[in-house]
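Protein chains in written order, with my numbering: chain P, 1 to 342; chain V, 1 to 106.
One or more hints might be untrue.
[Stated by the list, open to error] Each pair of labels, with its calculated beta carbon distance range:
#	chain 1	residue 1	chain 2	residue 2	range
1	P	Arg186	V	Lys60	33 to 39 Å
2	V	Lys89	P	Asp187	52 to 58 Å
3	V	Ala20	P	Lys254	34 to 40 Å
[Stated by the list, open to error] Computed cross-link-like contacts, SDA-like style, restricted to lysine to any residue with a CA-CA straight-line distance of at most 25 Å:
#	chain 1	residue 1	chain 2	residue 2
4	V	Lys104	P	Leu255
5	V	Lys30	P	Glu97
6	P	Lys113	P	Glu135
7	V	Lys60	V	Asp80
8	P	Lys231	V	Lys30
9	P	Lys254	V	Asp37
10	P	Lys298	P	Glu97
The hints are simulated quantities; they were obtained by calculation from the structure and are not laboratory data.
Just so you know, even glycine gets a beta-carbon here, dropped at the ideal spot from N, CA and C.
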Amino acid sequence: MSDVISTDVVIIGAGPCGLFAIFELGLLDIKCHVIDILDRAGGQCAELYPEKPIYDIPALPLVTGADLTTRLMEQAKPFKPEFHFNQMVTSLEKRGENDFHLTTDGGLEFQCKVVVIAAGGGSFQPKKPPIPGIEAYEGASVYYSVKKMEALRGKDILIIGGGDSALDWTNNLQPIAKSLTLLHRRDEFRAAPDSVGKMRALVEAGKMQLKIGQVTGLKGEGGVLAAATVKGADGASFDIACNAMLPFFGLTMKLGPVANWGLNLTENLVSVDTAKFETNVPGIFAVGDINTYAGKLKLILSGFHEAALMAQQAFRYINPGERLLFQYTTSSTNLQKKLGVA
Amino acid sequence: MAKITFIQHNGSEITANGVAGMTVMETAVKNQVPGIDADCGGACACATCHVYVAPEWKDKVGPRNPMEEDMLDFAFDVRDNSRLSCQIKVSDVLDGLRVTVPEKQF
């Protein structure tokens with residue numbers, strides 16, 4: 001077990017609202033660690049719509065999800081946030097007044113005074129295709145991500161999908177697989193042309209197979225897969241023999257462990273007050289899409305406002321008894337020093 | 001105004017009034033049609049508003065656009081008449097449209 005990371009605030013979620021929370025807290029000299037399940041910052045802006053234009057960010061008539069993320073990262077940079085990616089917060093425990101303890105599925109442990117949940121639609125998790133009986137094979141034969149390549153050595157592998165994950169793993173696993181089949185619903189791929197080219201060359205060389213169709217059922221025993229039944233483009237069914245199957249259908253958002261932290265929820269959203277955006281547990285705040293209150297709008301700009309007000313109360317918890325002086329970045333030398341511009 | 005009927009997996013039907021300019025997905029969400037999740041809110045970024053267009057309406061609804069075709073890779077049990085309902089604009093021509101909602105959007 002690693003050492004416990006001690007900090008003022010842990011922000012759960014590195015989407016736009018989590019990133020702006022770093023800035024607002026930073027102006028008040030509050031230090032943040034940020035945890036996210038994805039491998040990079042941006043949340044939905046990075047995962048769901050990096051290239052799509054957003055038109056309702058104040059003063060930015062048009063900005064893409066990726067660009068907005070880059071700008072927020074730049075804005076947060078002076079405050080030296082520390083990011084922990086590919087980590088899902090699995091437990092959050094209150095051990096005392098302003099003493100919270102968090103653990104992640106990657107084995108990290110945090111101790112902090114304030115927790116900010118900025119987890120958007122919840123944690124991104126792989127989509128599980130609703131193939132009848134698939135649950136029985138999960139773990140032993142069906143994998144939604146590759147944790148250890150070695151576990152797949154010598155297997156008859158079936159990869160499903162047409163995006164980058166499917167094509168990258170096809171090309172990476174082919175050399176160690178006993179056999180490998182890529183299955184996709186059409187003979188066109190969203191993945192990078194380079195990896196599609198590599199895959200086609202492997203097919204050409206007879207080193208793997210490409211099949212067009214969709215899985216309708218699974219065959220096997222005792223959790224071990226023997227074959228997948230596929231409906232081809234012409235409507236005819238056939239079997240693909242395999243003992244490992246990797247479906248890559250993108251990610252979906254699930255509330256996940258947040259539901260188990262003793263917070264008041266309303267329809268799977270975290271209830272907060274509208275003065276401090278604090279949950280029913282003092283010291284735990286929720287900002288952005290994951291919270292709810294009367295009049296809530298799921299807009300990035302609303303999350304920015306929520307982060308600013310949250311920071312005021314977080315300051316009081318972290319610096320009990322200290323007076324909080326309200327200052328503007330336009331005129332305060334103090335704030336400008338923190339931003340590295342004065 | 002165009003009446004749009006959403007047929008659930010179990011055969012039950014909900015008919016909603018679609019307003020020209022809105023999408024079929026928005027019509028479903030506004031009328032609380034179960035099974036149209038629309039996680040991304042209409043950005044053609046999630047494939048959770050997948051529907052099957054009734055065969056007799058397929059021509060009037062028109063073909064999929066390339067972005068939608070890509071996004072349908074994330075849907076389950078895609079058929080010839082599969083569409084993402086956020087990419088179908090309601091118009092008077094579609095008055096009487098019938099679409100079936102899949103068992104699960106997943």
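*Of all the hints given earlier, name the ones this structure violates by number, lowest first.*
Hint check: 1, 2, 5, 6, 8, 10 fail, others pass.
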